[in-house]
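Novice: One-letter residues, chain by chain:
Protein chains: 2
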Amino acid sequence: SDQGNGDASGLESPLSGFKTTTVLRDSAREKNMFIHGKLNDQEAVIILEKTPIREDILLELFRCSRLNLDMSNDIYRTYQLQPPAHLNEIKTTVICPATEKHVKKYQLQETYLVEESGEDYRSITLPYIQSQSFSVQWVYNILDKKAEAERIVYEDPDQELGFVLLPDFKWDQKQLNDLYLIAIVHRRDIKSLRDLNVLHLPLLINIRKKGEENIFKRYGVTANKLKVYLHYQPSYYHLHVHFTALSYEAPGCGVERAHLLSDVIQNIQLDYEYYQSRSLSFPLRADDGLLSKFREAGRL
Amino acid sequence: SDQGNGDASGLESPLSGFKTTTVLRDSAREKNMFIHGKLNDQEAVIILEKTPIREDILLELFRCSRLNLDMSNDIYRTYQLQPPAHLNEIKTTVICPATEKHVKKYQLQETYLVEESGEDYRSITLPYIQSQSFSVQWVYNILDKKAEAERIVYEDPDQELGFVLLPDFKWDQKQLNDLYLIAIVHRRDIKSLRDLNVLHLPLLINIRKKGEENIFKRYGVTANKLKVYLHYQPSYYHLHVHFTALSYEAPGCGVERAHLLSDVIQNIQLDYEYYQSRSLSFPLRADDGLLSKFREAGRL
Numbered sequence: 001s002d003q004g005n006g007d008a009s010g011l012e013s014p015l016s017g018f019k020t021t022t023v024l025r026d027s028a029r030e031k032n033m034f035i036h037g038k039l040n041d042q043e044a045v046i047i048l049e050k051t052p053i054r055e056d057i058l059l060e061l062f063r064c065s066r067l068n069l070d071m072s073n074d075i076y077r078t079y080q081l082q083p084p085a086h087l088n089e090i091k092t093t094v095i096c097p098a099t100e101k102h103v104k105k106y107q108l109q110e111t112y113l114v115e116e117s118g119e120d121y122r123s124i125t126l127p128y129i130q131s132q133s134f135s136v137q138w139v140y141n142i143l144d145k146k147a148e149a150e151r152i153v154y155e156d157p158d159q160e161l162g163f164v165l166l167p168d169f170k171w172d173q174k175q176l177n178d179l180y181l182i183a184i185v186h187r188r189d190i191k192s193l194r195d196l197n198v199l200h201l202p203l204l205i206n207i208r209k210k211g212e213e214n215i216f217k218r219y220g221v222t223a224n225k226l227k228v229y230l231h232y233q234p235s236y237y238h239l240h241v242h243f244t245a246l247s248y249e250a251p252g253c254g255v256e257r258a259h260l261l262s263d264v265i266q267n268i269q270l271d272y273e274y275y276q277s278r279s280l281s282f283p284l285r286a287d288d289g290l291l292s293k294f295r296e297a298g299r300l
Numbered sequence: 001s002d003q004g005n006g007d008a009s010g011l012e013s014p015l016s017g018f019k020t021t022t023v024l025r026d027s028a029r030e031k032n033m034f035i036h037g038k039l040n041d042q043e044a045v046i047i048l049e050k051t052p053i054r055e056d057i058l059l060e061l062f063r064c065s066r067l068n069l070d071m072s073n074d075i076y077r078t079y080q081l082q083p084p085a086h087l088n089e090i091k092t093t094v095i096c097p098a099t100e101k102h103v104k105k106y107q108l109q110e111t112y113l114v115e116e117s118g119e120d121y122r123s124i125t126l127p128y129i130q131s132q133s134f135s136v137q138w139v140y141n142i143l144d145k146k147a148e149a150e151r152i153v154y155e156d157p158d159q160e161l162g163f164v165l166l167p168d169f170k171w172d173q174k175q176l177n178d179l180y181l182i183a184i185v186h187r188r189d190i191k192s193l194r195d196l197n198v199l200h201l202p203l204l205i206n207i208r209k210k211g212e213e214n215i216f217k218r219y220g221v222t223a224n225k226l227k228v229y230l231h232y233q234p235s236y237y238h239l240h241v242h243f244t245a246l247s248y249e250a251p252g253c254g255v256e257r258a259h260l261l262s263d264v265i266q267n268i269q270l271d272y273e274y275y276q277s278r279s280l281s282f283p284l285r286a287d288d289g290l291l292s293k294f295r296e297a298g299r300l
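Sequence order for the protein chains is U and B. Per the working numbering, the first sequence starts with residue 1, numbered consecutively. Per the working numbering, the second sequence starts with residue 1, numbered consecutively.
Just to be clear, a hint being listed does not mean it is correct.
One copy or any two copies: either way a pair holds, since identical chains are not told apart in the list.
Straight-line distance between alpha carbons at most 27 Å, and here's what the computed DSSO-like set of lysine-lysine pairs gives [unchecked claim]:
(1) Lys145 / Lys19
(2) Lys104 / Lys19
(3) Lys210 / Lys101
(4) Lys225 / Lys105
(5) Lys146 / Lys174
(6) Lys191 / Lys174
(7) Lys209 / Lys293
(8) Lys105 / Lys170
(9) Lys38 / Lys293
(10) Lys101 / Lys145
(11) Lys209 / Lys174
(12) Lys225 / Lys101
(13) Lys210 / Lys91
(14) Lys293 / Lys225
Treat the hints as calculated values from the structure; they're not laboratory data. As the structure is a prediction and not an experimental result, all values here were calculated from the model.
Bound conformation, chain U alone:
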């Protein structure tokens, strides 16, 4: 077979000179590994990820694999199956020469849960956000139709209550089970959940209602198949709301970072200043500048 039996006889593999320095990160669940090392004396990062199992190869897989029996009882048997190499590839990304930044990017970062009181927000987080002057120009470009105009799924142009709804970049729009859209508000004066109060209830209710309606119109997905939430901390400080498929475990949909829009609305209805007075918990990576600020303030 010219598909290769995996021993690549006579051929020098372009990675055979790779020497591992350290495994930066790996996931037994996702079957991937991020490795730092040297390739022919240059710094390199190699990312290995096993490929998803495809339905169209099952027939050949069951016919042409070697099976080693592990365990067997009356109805259960487990095997180690060794498929022909061309049916079981590993996606391999080589970054070479790699910089310190590449290495850091893939390194497993410790995260710490911070419990931020309303006072912590005003004395630590807000000054930090302001000092960093994070740019949200790319958001303004979307709102002004200078970028990504063709990607917009729906717009409510009202400058007080309106928003733009568009697919998140993580979603390739090829299937609905990882549906992911973002609603970005037209107002430019709301940084995050922390700023929301009773005056914003009409905005939040409008986003929920029209976001759900228009996702149904465009994709046929009903509101009870969606989760709709905000991140705190958000990844950029211009108010936006995440709409994802209910069963999709999107990054950042965990209880430690996500806040259901339905809860946010009810909390503000109960206490108009709920999000100014409450302690909010969220994770921060060890290399996040905000974490240093909490540490300096003795709040970690």
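Assemble chain B onto chain U, guided by the hints.
Specialist: For chain B alone, kept in the frame of chain U given last:
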């Protein structure tokens, strides 16, 4: 090589007679697939799951694999790597003969987000829970030390404020990155989050404080590396609290099902009857009896 090159020449694979009826479920993220079909005229379910990448095989993997170049620019290159078959096995579980129950167990179940008001709880959910008379005898056996006594990590024996802390069965205790413990309260009159009110604040505060202290004592994991939460709906109606490693994406830690204990405490401090009056959202599987009750009541 006697490790097999994957084409198993001359050998009849025990699965070569398998005929796929349908793919019950698969995960591109986890690289697994659950398949229903027939094996030699018997009903069968086959579970395929690619194996995690191991550090100890990297040297051989880079030396002895065939590489097909996909894409290349100045610093990034991607390949499809075809390893020797023995370095890239697929864990295969065969259930045969399989019953209808096996098939149903592995079938992807649609889930629906239900928004349960306080009134819905009293008129739909509570009567349903009571009618099912779900047994929590196994919980009482733990509290009474009739079962799993040797697994208990910590106990506060106080009958009002106390609880038993023990590892969840999903955690094999071999590594800390998926640490998972459960605190089960001694009181037998609290079914779930819905029952919690101001009278339970001392209990909740005690669980948080002593749970965190004793996880640190036993495992050296500090409170800021943990997430501590309740499920709603819970999987059994006797109050219990989940303690998991912060970075571990445990099943059920998503915003649609988990409630941080720190939030629960603050919410009750703000409104003594917060969890009796609030609408709570949670997912229900299509085959869950409670979902039918919501549907019958026109609440879905």
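Novice: Next step is simple, just say for each hint if it's right about the structure.
Specialist: Against the structure, the hints come out as follows:
1. Lys145 / Lys19: neither (48 Å within a copy, 52 Å between copies)
2. Lys104 / Lys19: within (18 Å within a copy, 47 Å between copies)
3. Lys210 / Lys101: neither (41 Å within a copy, 41 Å between copies)
4. Lys225 / Lys105: between (34 Å within a copy, 21 Å between copies)
5. Lys146 / Lys174: within (25 Å within a copy, 53 Å between copies)
6. Lys191 / Lys174: So lysine 191 and lysine 174 fail the 27 Å test inside a copy (32 Å) and across (42 Å) alike.
7. Lys209 / Lys293: between (38 Å within a copy, 25 Å between copies)
8. Lys105 / Lys170: within (18 Å within a copy, 30 Å between copies)
9. Lys38 / Lys293: neither (36 Å within a copy, 61 Å between copies)
10. Lys101 / Lys145: neither (33 Å within a copy, 53 Å between copies)
11. Lys209 / Lys174: within (25 Å within a copy, 47 Å between copies)
12. Lys225 / Lys101: between (39 Å within a copy, 25 Å between copies)
13. Lys210 / Lys91: neither (40 Å within a copy, 46 Å between copies)
14. Lys293 / Lys225: between (39 Å within a copy, 18 Å between copies)
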